[in-house]
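Make the full structure from the sequences, and use the hints.
Each protein sequence line maps, in turn, to chains A and B. Quick note on numbering: the working numbering labels position 98 of the first sequence as 178, and the sequence is numbered without any gaps. Quick note on numbering: the working numbering labels position 109 of the second sequence as 313, and the sequence is numbered without any gaps.
Keep in mind that the hints were calculated from the coordinates and are not lab data. Some hints here could point you the wrong way.
To be verified - Among the chain A residues that face chain B by a calculated CB cut under 7 Å, a handful are:
id, residue
1, His171
2, Phe178
3, Gly180
Claimed, not checked - No farther apart than 35 Å at their CA atoms in a straight line, the calculated lysine-lysine pairs in the DSBU-like style are these:
id, chain 1, residue 1, chain 2, residue 2
4, A, Lys119, B, Lys217
5, B, Lys217, B, Lys283
6, B, Lys283, A, Lys119
7, A, Lys125, B, Lys217
8, A, Lys125, A, Lys183
9, A, Lys187, A, Lys122
10, B, Lys283, A, Lys122
11, A, Lys183, B, Lys217
12, A, Lys183, B, Lys283
13, A, Lys125, B, Lys283
14, A, Lys122, A, Lys183
A quick note: this is a predicted structure, and the numbers were derived from the prediction, not measured. Beta carbons: idealized from backbone N, C-alpha and C, even for Gly.
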Amino acid sequence: DIQMTQSPSSLSASVGDRVTITCRASQGIDNRLAWYQQKPGKVPKLLIHSTSTLQSGVPPRFSGSGSGTDFTLTINSLQPEDVATYYCQRHNNVPLTFGGGTKVEIK
Amino acid sequence: QVQLQQSGPGLVKPSQTLSLTCDISGDVISNNDATWNWIRQSPSRGLEWLGRTYYRSYWYNDYAVSVRGRITISPDTSKNQFSLQLNAMTPEDTAVYYCARELHLSGFPYWGQGTLVTVSS
Numbered sequence: 081d082i083q084m085t086q087s088p089s090s091l092s093a094s095v096g097d098r099v100t101i102t103c104r105a106s107q108g109i110d111n112r113l114a115w116y117q118q119k120p121g122k123v124p125k126l127l128i129h130s131t132s133t134l135q136s137g138v139p140p141r142f143s144g145s146g147s148g149t150d151f152t153l154t155i156n157s158l159q160p161e162d163v164a165t166y167y168c169q170r171h172n173n174v175p176l177t178f179g180g181g182t183k184v185e186i187k
Numbered sequence: 205q206v207q208l209q210q211s212g213p214g215l216v217k218p219s220q221t222l223s224l225t226c227d228i229s230g231d232v233i234s235n236n237d238a239t240w241n242w243i244r245q246s247p248s249r250g251l252e253w254l255g256r257t258y259y260r261s262y263w264y265n266d267y268a269v270s271v272r273g274r275i276t277i278s279p280d281t282s283k284n285q286f287s288l289q290l291n292a293m294t295p296e297d298t299a300v301y302y303c304a305r306e307l308h309l310s311g312f313p314y315w316g317q318g319t320l321v322t323v324s325s
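As structure tokens, this is what we get:
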């Protein structure tokens, strides 16, 4: 099965910083890569699918890029409400594997 | 607006069967562009996709290798819902279980509220 590896596992940044999270697939996934945000005690929220397509209602400071096996979630100008754990997920074929998560905190 | 409402017990004894149901509103389970999924989350296993059911002229299922042989996901068109059965539960199956809808192979924008299932005698 294809493995999804996220890095870093956690990070701390200041309000207004640009934050980058990386997700690497063990094989190509046809750019079918989604990103989710999960706040404590809440359901995961879809931010981006197909590498770079922003879900309706998601602030434009979130963006996704990448191709092949390497993908990136960028948060431009980190806000206090962005404190959460972020997960990547392949959605090209089963099994629909998630990454291990990146916890984002405010410094 | 699609809404998914989960129901089922929060406590299951070891070796017993977990049964959860996901009621669908705002869509129909026989939607040819959708898949209906079960996902669980635990500190030890993270987010883990368990399986799905979907209709493409016939009903199909896909299951994760980790639970294959113990899992059944079934659609109920008369009630517009789908269910999860997981047999031979062990404490390692303790997790929050979610149902979720995927449309056009574009990730999971709709999730149920989650059910914390604890496996304990």
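Hint by hint, here is what the structure shows:
no.: 1; hint: His171; verdict: holds, 5 Å
no.: 2; hint: Phe178; verdict: holds, 4 Å
no.: 3; hint: Gly180; verdict: holds, 5 Å
no.: 4; hint: A:Lys119 with B:Lys217; verdict: holds, 30 Å
no.: 5; hint: B:Lys217 with B:Lys283; verdict: holds, 28 Å
no.: 6; hint: B:Lys283 with A:Lys119; verdict: holds, 32 Å
no.: 7; hint: A:Lys125 with B:Lys217; verdict: holds, 31 Å
no.: 8; hint: A:Lys125 with A:Lys183; verdict: holds, 15 Å
no.: 9; hint: A:Lys187 with A:Lys122; verdict: holds, 22 Å
no.: 10; hint: B:Lys283 with A:Lys122; verdict: holds, 27 Å
no.: 11; hint: A:Lys183 with B:Lys217; verdict: holds, 33 Å
no.: 12; hint: A:Lys183 with B:Lys283; verdict: violated, 39 Å
no.: 13; hint: A:Lys125 with B:Lys283; verdict: holds, 27 Å
no.: 14; hint: A:Lys122 with A:Lys183; verdict: holds, 14 Å
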